Every structure is written in structure tokens, then in C-alpha cells.
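A.B. asks: Respectively, the protein sequence lines represent chains H and W.
Taking UniProt numbering, the leading residue of the first sequence gets 1, the next gets one more, and so forth.
Taking UniProt numbering, the leading residue of the second sequence gets 1, the next gets one more, and so forth.
Keep in mind the hints are simulated off the structure, nothing from the lab.
For clarity, every value in this text was computed on a predicted model and none was experimentally measured.
By construction, the Cβ of each residue, glycine as well, lies at the ideal position given by its N, Cα and C atoms.
So the derived label-pair ranges between C-beta atoms look like this: (1) H:Lys72 x W:Phe46: 23 to 31 Å; (2) H:Lys23 x W:Asp71: 26 to 34 Å; (3) H:Lys72 x W:Leu162: 35 to 43 Å; (4) H:Ile70 x W:Ile248: 46 to 54 Å; (5) H:Leu27 x W:Gln253: 40 to 48 Å.
Computed footprint of chain W on chain H, listed as stretches where at least three residues anywhere in the stretch have a Cβ under 8 Å from a Cβ of chain W: (6) 67-80; (7) 86-93.
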Amino acid sequence: MIIQVVSAFFATYLFSIIFNISKRQLLFCGICGAVGWCIYLISLPLNSVVLSTFLGALAVRILAQIFAVIRKTPVTVFLIAGIIPLVPGAVLYQAIYYIAQGEYDNVTLYGLQSLKLAGAIAVAMVLVSSTYRPRRIKRENNGLCSKNK
Amino acid sequence: MNYKLLFKFALLAGDIMLKNGAETYRVEDTINRILRTSHFRVIESFVTPTGIMATLDDPSIDMITYVRRIDKRTINLSKVELTNDISRQYCQGNLTIEEAYEELLTVNKKPTYSKITLFIAYGLVAGFFTLVFEGHYLDAIVATVIGCSLALIHFLFRRYELNKFFYDIVGGSVIALMAILLTKVIPFGMDMNVIIIGSIMPLVPGVAFTNAIRDTIEGNLVSGVSRAVEALIVAASIATGVGVMLKIYYMLQGGVGL
Chain H
1 MIIQVVSAFF
11 ATYLFSIIFN
21 ISKRQLLFCG
31 ICGAVGWCIY
41 LISLPLNSVV
51 LSTFLGALAV
61 RILAQIFAVI
71 RKTPVTVFLI
81 AGIIPLVPGA
91 VLYQAIYYIA
101 QGEYDNVTLY
111 GLQSLKLAGA
121 IAVAMVLVSS
131 TYRPRRIKRE
141 NNGLCSKNK
Chain W
1 MNYKLLFKFA
11 LLAGDIMLKN
21 GAETYRVEDT
31 INRILRTSHF
41 RVIESFVTPT
51 GIMATLDDPS
61 IDMITYVRRI
71 DKRTINLSKV
81 ELTNDISRQY
91 CQGNLTIEEA
101 YEELLTVNKK
111 PTYSKITLFI
121 AYGLVAGFFT
131 LVFEGHYLDA
141 IVATVIGCSL
151 ALIHFLFRRY
161 ELNKFFYDIV
171 GGSVIALMAI
181 LLTKVIPFGM
191 DMNVIIIGSI
201 MPLVPGVAFT
211 NAIRDTIEGN
221 LVSGVSRAVE
231 ALIVAASIAT
241 GVGVMLKIYY
251 MLQGGVGL
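Same shape as in the complex, but just chain H:
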């Protein structure tokens, strides 16, 4: 498991380079990815895959928000990097694999699984986004100026 978490750190770190994230943030992106994957692995024996993905995504989302405030950077930077290990690429591949083999029962199984995982990540993000939001500017004057008409 330690090997997996360490690889998750390096994988996320290097992925951030592909996304052209600046050098100063790379380390924090890596930490986001590693923590998310660590939480996922810890909760995997106790819960279903979907719930574990949810908890992992929740951890990434909270950590990204904290880093965004500390590093004064858009939260997207950490979020996109950190979520990558949890994105259901492997399950999607399994679905394709069984399409190629013509075993449609398994295609349905893995296809639905990847949808469930995507949903779990979505819900994790909704939870944090709805409870925490930075100050937004208000719209004061909707509609056009009367003088100019």
C-alpha cells in the first residue's frame, strides 16, 4: 500500500507537468493526489468501491480548498491534479475490454460502475462547493441603461 500511495504522489506530480502547472504548485498537487488515493485505499476494505471513491474525492476537494487559500491559487489547479487517480479510467477500460470480447453482461456491469464512480466524485464536489464559497461580486443593475436608449 505504501508503494501505491508513493506512486500516486509521483503520478500526480508528473501529471501536473503535463497540465503545465507552475513549478511552485507541483508538490502540493502531488500531495493532493497521494492523500486522495491513501483515503481511498484505507476505506476500501471497509466500504464499497463507490463509497471509497466518494471519501477519496471528498478528501481531495477539502485539501484542494485549503491549499487554494494558503497558496492563493485557483482551486482548479489542485483539484484537477488530485482527482486524476480517482477518475474511473480503469473501470472504463474493463468495459471496453469486454466489448471487444463480446461479453455484454460484463459491459453493462462495468459501464454502470464507471457511471456510479463519476456520480460519487460529483457528489463529493457538490458537498464542499455548496458549504464553502468565496465572496462573489453581486450584480446590481440588470438590464440596460435607460438614458442610452
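Given chain H, work out where chain W should sit, using these hints.
C.D. replies: Positioned in the frame of chain H, the structure of chain W alone reads:
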């Protein structure tokens, strides 16, 4: 106040952010914040992943409306970061409008990572993801080689400005083909599936997917749906590439037909 320059500045900031992978609501928020510093009465912006529309109006000036079409989108989050920083500094009053505009013009010229770095990064991403998904270290080495070749295809497609979805199809099929060939050639007990799973990670539409969810949450339904469709098409392209190669492989082996 040079309001035309302000308007140009706001649009350029929005343009850079949208082109390089920021969420739609962030672009709208940035444009509105910059335009608000003029204290004019009407400030509106409407942003979708494919275009920006913005209006500035006041009794003291002629109305300005601008539509800008965005046709090419890449991912370069350091530019989003820089633009965000400049617009924030301008809104806090640390920069004048001229300084901020000058600085914004240099953002596009900021050096990105070199091709060598990207080449190594692509390879090692594939290798480390193979380890993450419980692959053997020999699997990881093979995946690294495949990742490096994916980087070469990426450079080729970028140089000739070829279609992104076509790149996903070609990338997927090259990954599957190389994984099949390498596991056949090297006489160790390697797991082809784990290698393919690790190697397709650089192609997986993580950004489109994450941004689709975030835009939908923020109420930008048009952007949310279009980004979700983008993610779906990318996934389908990778699936097509990998699937075709696997299908050919099983046919040659005399496996089950579709």
C-alpha cells in the same frame, strides 16, 4: 479612465483563462470583477466553452458589446494561475490598467515545460499509474516505454495541428498495440490489462470531467453539458482506439466474435 483598454483587458484575461482550462464561472467572475472597477452601470458577461460575450454600458459612454469565439482549447493551468493573479492584483489596486494589460500580454509568451520534460513526464505518469493500479514493476517499465511513445504522438499531432479526438483514437490504438506486442515479445509473466490501464491515464478526460461537474454545480448548465459531452466523446475515442486493437488481437487468436 480608459474604458476601452479596460474592456480589452477584461476580454483578454477571459480569453486566456478559457483557452487554457479554467471553469466557465471563474472566467465570468474574473471579467465581471475587472469591469466592475470602472463603476459603470451595466456590466454583463456570458461565457460558454466556445465563446465569450460581454457588454459594458453607462450613460457617459457609448455601449460596448463584444463577442469572441474560442475555437482552440488546451490545458495550461499555469496561464490560468498567472492571469488570475494579475486580475486580482489589478482589482486590489496594486497595478494600473496599463501595467496590468502589458503584463497580461506577456503571459502567452511565458515559457512552458520543455519537450524533454514533457516526454519524461508522459512516460513516468504511465509507469507510476501502473504501480498505483497494483501492477508489477516490470509492467511499470513497459508502461513507461508506451507513455514515452504517446508523448511522441502528442508532439506530432501538436505540430501539424491535427484534431484532438483523432489524437485520442490514435493514442488509444497505439497503446493497445504496443501493450499487446511488448507482452508477447518479452518472455515474463506480464499483465497486459494493467499496462493498458496505466498507459491510458494521460488520455483520460479528467479536466473536462471535473470542469463539467463544477460548471453544472455553479448553474452554468450550457457549459456543464457541453463539457460533459466533450468528456464523453474523448472517452469514446479512447475506447474506439483500444477496442479496435483488442478486437483484432482476439480475432487473430481465434477468439469469440462480436
